[in-house]
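Asks: Each chain is listed here by its residues.
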Amino acid sequence: MRSSQRRRGAGLLAVLAITGSAILVGVAGPVAAADPVVLTVGSTQDLDASNPFNTELVVGYEAFQMTYQLLVDFDKDAHPAPGFADSWERSADRVTFKIGADKKWSDGQPATSDDACFSWGLGLAAIKDESYIGSGYLDPGIKDAGVTKVECPDPTTFIAYTTDPSDRIFQVYVPILPKHIWGKDDYKKIADEKFDAPLVGTGPYPLAEWKTGQFARFVRNPNWGGSKGFEDTVVIRFFPDNTDTMVQALKAGELDYAHGVNSDQFKQLQADTATYTAVAGAANGWTQLAFNTYGTGTGKTIKNGGASTKALQDAAFRDALGYATDHKALVDRVLGGFGDPGDTVVPPVLKDFHVTPDNPRTFNLTTAAQKLDAAGYHLDANNKRLDKEGKPINLRLYYPNTDDNYKKVAQFVEQWYGALGIGVTHQSFDSDTLTALLLPPEADPPGTAKYDIELWGWSGNPDPNGLLYVFLCNQIGTSSDSNYCNKQYDDLYDKESKEGGAERKATLAQMQNLIYNEAPYDVLYYDANLDVYRNDRFAGWQNMPSNGTPFFTYGLLNYTLLTDATAVPTPGPTATAAGSTAPPATQGPSTGGTSGSGVSPTLLILLVVVVIVVVGGWWLYRRRATRAVEEE
Amino acid sequence: MSGRYIGRKLVQAFVTVFAIILLNFVLFRLMPGSPDRASKNPHLTAEVIAGNRARWGLDKPLFPDQLVRYVGETLTGDLGYSIKYRGQPVTEVVLEAMGPTLLLIGLGEFIAIIVGLALGARSGWVRGGRVDRIGNGLSLIFYSMPYFVIGMPLIIIFAAGLHWFPTSGMTSPGASRDLVASLFDVGRHLVLPLAAVSLGLIGAYSILMRASIIDTRAEDYVTTARAKGLADGRILRAHAFPNALLPMVTLIAINLGYVVAGAITAEIVFNWPGLGTLTVQALAARDYPLLQAIFLIIAISVVLANLAADIIYGYLDPRVRT
Numbered sequence: 001m002r003s004s005q006r007r008r009g010a011g012l013l014a015v016l017a018i019t020g021s022a023i024l025v026g027v028a029g030p031v032a033a034a035d036p037v038v039l040t041v042g043s044t045q046d047l048d049a050s051n052p053f054n055t056e057l058v059v060g061y062e063a064f065q066m067t068y069q070l071l072v073d074f075d076k077d078a079h080p081a082p083g084f085a086d087s088w089e090r091s092a093d094r095v096t097f098k099i100g101a102d103k104k105w106s107d108g109q110p111a112t113s114d115d116a117c118f119s120w121g122l123g124l125a126a127i128k129d130e131s132y133i134g135s136g137y138l139d140p141g142i143k144d145a146g147v148t149k150v151e152c153p154d155p156t157t158f159i160a161y162t163t164d165p166s167d168r169i170f171q172v173y174v175p176i177l178p179k180h181i182w183g184k185d186d187y188k189k190i191a192d193e194k195f196d197a198p199l200v201g202t203g204p205y206p207l208a209e210w211k212t213g214q215f216a217r218f219v220r221n222p223n224w225g226g227s228k229g230f231e232d233t234v235v236i237r238f239f240p241d242n243t244d245t246m247v248q249a250l251k252a253g254e255l256d257y258a259h260g261v262n263s264d265q266f267k268q269l270q271a272d273t274a275t276y277t278a279v280a281g282a283a284n285g286w287t288q289l290a291f292n293t294y295g296t297g298t299g300k301t302i303k304n305g306g307a308s309t310k311a312l313q314d315a316a317f318r319d320a321l322g323y324a325t326d327h328k329a330l331v332d333r334v335l336g337g338f339g340d341p342g343d344t345v346v347p348p349v350l351k352d353f354h355v356t357p358d359n360p361r362t363f364n365l366t367t368a369a370q371k372l373d374a375a376g377y378h379l380d381a382n383n384k385r386l387d388k389e390g391k392p393i394n395l396r397l398y399y400p401n402t403d404d405n406y407k408k409v410a411q412f413v414e415q416w417y418g419a420l421g422i423g424v425t426h427q428s429f430d431s432d433t434l435t436a437l438l439l440p441p442e443a444d445p446p447g448t449a450k451y452d453i454e455l456w457g458w459s460g461n462p463d464p465n466g467l468l469y470v471f472l473c474n475q476i477g478t479s480s481d482s483n484y485c486n487k488q489y490d491d492l493y494d495k496e497s498k499e500g501g502a503e504r505k506a507t508l509a510q511m512q513n514l515i516y517n518e519a520p521y522d523v524l525y526y527d528a529n530l531d532v533y534r535n536d537r538f539a540g541w542q543n544m545p546s547n548g549t550p551f552f553t554y555g556l557l558n559y560t561l562l563t564d565a566t567a568v569p570t571p572g573p574t575a576t577a578a579g580s581t582a583p584p585a586t587q588g589p590s591t592g593g594t595s596g597s598g599v600s601p602t603l604l605i606l607l608v609v610v611v612i613v614v615v616g617g618w619w620l621y622r623r624r625a626t627r628a629v630e631e632e
Numbered sequence: 001m002s003g004r005y006i007g008r009k010l011v012q013a014f015v016t017v018f019a020i021i022l023l024n025f026v027l028f029r030l031m032p033g034s035p036d037r038a039s040k041n042p043h044l045t046a047e048v049i050a051g052n053r054a055r056w057g058l059d060k061p062l063f064p065d066q067l068v069r070y071v072g073e074t075l076t077g078d079l080g081y082s083i084k085y086r087g088q089p090v091t092e093v094v095l096e097a098m099g100p101t102l103l104l105i106g107l108g109e110f111i112a113i114i115v116g117l118a119l120g121a122r123s124g125w126v127r128g129g130r131v132d133r134i135g136n137g138l139s140l141i142f143y144s145m146p147y148f149v150i151g152m153p154l155i156i157i158f159a160a161g162l163h164w165f166p167t168s169g170m171t172s173p174g175a176s177r178d179l180v181a182s183l184f185d186v187g188r189h190l191v192l193p194l195a196a197v198s199l200g201l202i203g204a205y206s207i208l209m210r211a212s213i214i215d216t217r218a219e220d221y222v223t224t225a226r227a228k229g230l231a232d233g234r235i236l237r238a239h240a241f242p243n244a245l246l247p248m249v250t251l252i253a254i255n256l257g258y259v260v261a262g263a264i265t266a267e268i269v270f271n272w273p274g275l276g277t278l279t280v281q282a283l284a285a286r287d288y289p290l291l292q293a294i295f296l297i298i299a300i301s302v303v304l305a306n307l308a309a310d311i312i313y314g315y316l317d318p319r320v321r322t
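Chains as they are written, first to last, in the working numbering: chain A, 1 to 632; chain B, 1 to 322.
If you are wondering where the hints come from, they were derived from the structure by calculation, not from laboratory data.
Here a beta-carbon is modelled for each residue, glycine too, at the ideal position from N, C-alpha and C.
A hint or two may mislead.
FRET-style restraints, in silico, Cβ to Cβ [to be verified]:
hint: 1; chain 1: B; residue 1: R69; chain 2: A; residue 2: K498; range: 45 to 51 Å
hint: 2; chain 1: A; residue 1: P445; chain 2: B; residue 2: A19; range: 50 to 56 Å
hint: 3; chain 1: A; residue 1: K189; chain 2: B; residue 2: V68; range: 26 to 32 Å
hint: 4; chain 1: A; residue 1: D167; chain 2: B; residue 2: P146; range: 49 to 55 Å
hint: 5; chain 1: A; residue 1: L365; chain 2: B; residue 2: R69; range: 35 to 41 Å
hint: 6; chain 1: A; residue 1: K487; chain 2: B; residue 2: L30; range: 36 to 42 Å
hint: 7; chain 1: B; residue 1: L67; chain 2: A; residue 2: A271; range: 55 to 61 Å
hint: 8; chain 1: A; residue 1: K408; chain 2: B; residue 2: V11; range: 52 to 58 Å
hint: 9; chain 1: A; residue 1: N394; chain 2: B; residue 2: L67; range: 39 to 45 Å
hint: 10; chain 1: B; residue 1: A54; chain 2: A; residue 2: R90; range: 36 to 42 Å
hint: 11; chain 1: A; residue 1: N394; chain 2: B; residue 2: A54; range: 49 to 55 Å
Throw the hints in and build the complete structure from the sequences for me.
Replies: And the structure:
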């Protein structure tokens, strides 16, 4: 019996040992002889698509710009810089772009103006049909720039005809795709293409591998003509809504750069200046209180819906409330000091366009109360503020549950408005539910816009139009969350869209002041991007723009400027296997199947299952045999 | 066991699965919002939104158009296209995530069942002994801890601190195509999440097994075995343990049914690209086709696991075969 006991024990151990061994032997792992230098970047977003026309996320923009160039890129101050085109010349009705005669795609094919004509042609075809490509984020830029026609008279010349001499053509976010690969697609078909890796591009690091939910790997373009970064490979690892694990990966040295840590993590890492550099970069966006002004400028009402009081349609009422929110206190106490107090609707990161208001409001509850009284909103005997219909004002403030800070802000607002005799009830919703709640009858499907204040935020493009757009009358029912309508503003928008240079800046300043004074929004603060990078492997980091962060802003210049932080190049910590060289730069559209390297997980599972079944079967057999002996 | 018993169980399982298919359709459409509203693109004009709705088949009436199309396609194995992962067939997205989940949770269950049952049996058999005091104490602690509470210290100690294992993910970017190297690579990434999942599950098995063994100890046949002079260990293994296993069948079956569902928090903490993580992503994007597929697969696996439990129970205990 003693021996059978040992055998059983041995059997059990064998099962555990063999299944475990498949795992534990990996601890050592094979060591690569000559690994490429890998720059590993962490993002809290998960890449949604490798097709540029289908991504809606910042990480998606970063990914497609690694692969494809824009016609005009951005320099370190977000100003126009050579991209697919080397130079350009502006005349009244056109811009003539020159493309390098020796420019090549990563697969060695010549890159010419034909590729630019094809790529912009997709957008123009969609505009002609009053349609869009994919998610509809990129191609409207061509329309916004007033482009009517493109021409390619020779391989190095690309001419875009425009309706006005504005400079927004230099900020069009349309990637130049290789015509020799996608040329058979029209604008409808290109949106359905999967863009399987490896991709061919003219960008510095075309996409080589994408593992959904895990990482995207980009390898150096052998035909890249610009400055060359120290890294051979860039890996973006995804940590969807999981900053804790991302920060641990940064500490472990698995990441060189972490994008979007929280303020506590930022402060902790910031303290270790020898190991990390922490950058609180100005984000191109803000957090606002959007007042439901439905009816302003249109006189419309919503049956069984809309705001709970007409006071919200009164600019004087909204202006008074503007004195009752302490923006500086919110930055200090909600954002941990990272961010800037808000004022106008063009963030300071767009320094060429941002203006501070001509008549700024400063936090003062007494002033707020006086202005409310002056505007006809008086307190009753119970210290409740009444609207002009004689009803006590109780405002419903809604916000998404995507950011813990919103709740803190809502509590402050409740307290400040409460001091004025205005009741506030606040509630959080998931983003989608909240979006549905905000919809007015003009939306499809129609809604009832049953809210008073929305607490949320926006982020924009290098051109301020992306943010100024949301206040247009025609945005009620689509992107407007204040339901604000003002013909004067719409006219100014049309005007500045046709202007350029100082003229446009003056009009933009007028628009910013108009929105500030009319106050459909109370811009509480401009958020900060909290990024941290390690100092031990890469040097040469630059913030782009100077008040931004190195990555995840505009342009990819920084990826090409990094240098070795040590005297001797060191292999990347995440490149573990031997022979990791750049994959052949070939590609065909929609080849299907998962891309990249490695053995399929299914095969691995099968192997583990086979081991378990064989060893388990052997153990059971031994057990029966032993029992038979014992029964005897 | 009669064929009628099995047949009845099979019919019940089939009806349940069909009801789930219908429920699946209704459930996600009851949620407020719509996938075309999940983004906040200022350029999305009414025409663009309408175009998206038409493209995703949301412009048609829910009943009968969308329902009939959904049921027909589901029955033919066509689960549609993912809205979040634009253009990718749902089957492809789900299958890609199912492998990692089966690997992590399947292996975690396997280890937890073996260790948990052994620990529970030994604890219950020698109540108050050292194994019982330590083992039962630890079981209770781990049983009450969510995976992320177990997982984060593991990451901090063994990944960020000692650098023994990677913090997260399943494979290294740019890893070799070589089979052995890939096994090593996945193995390294698997250690910490597997430890978290196993530790979290061991508690449940151990506690239940301990209670079951304590009940069995008082049975007459155990007393008889003692009277016959059989060794203590032999009584536990040959007589008490097999009988105490009966209540465990249900727990194991239910847990195995959820192997496919994955452990959402464990997968998220370790960034494991499984169905749990995918579910969270799909939910955030209101990706109806993807959510339907995930819930359908989870539901079918639970129904099948319960069917297996019923049949095994019928085999083990003749009283339930009626």
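Asks: So, for every hint listed, does it hold in this structure?
Replies: Cross-check of the supplied hints:
A hinted range of 45 to 51 Å holds for the C-beta pair B/R69 and A/K498, which are about 47 Å apart. Judged by the Cβ atoms, the range 50 to 56 Å given for A/P445 and B/A19 is violated: they are separated by roughly 28 Å. Between A/K189 and B/V68 the C-beta distance comes to about 28 Å, which sits within the given range of 26 to 32 Å. Distance hint for A/D167 and B/P146: a CB-CB separation of about 54 Å, consistent with the stated range 49 to 55 Å.
One distance hint, 35 to 41 Å for the beta-carbon pair A/L365 and B/R69, is violated here, with the actual separation near 58 Å. Here the CB-CB span from A/K487 to B/L30 is close to 41 Å, well matched to the stated 36 to 42 Å. Checked against the given bound of 55 to 61 Å, the beta carbons of B/L67 and A/A271, roughly 58 Å apart, stay inside it. Separated by about 55 Å at the C-beta atoms, A/K408 and B/V11 satisfy the suggested range of 52 to 58 Å.
Restraint check, A/N394 to B/L67: a C-beta distance of roughly 42 Å satisfies the suggested window 39 to 45 Å. Separated by about 39 Å at the C-beta atoms, B/A54 and A/R90 satisfy the suggested range of 36 to 42 Å. Separation of A/N394 from B/A54 is about 41 Å and departs from the stated range, judged on CB atoms against 49 to 55 Å.
Violated hints, listed in ascending order, are 2, 5, 11; each of the other numbered hints is respected by the structure.
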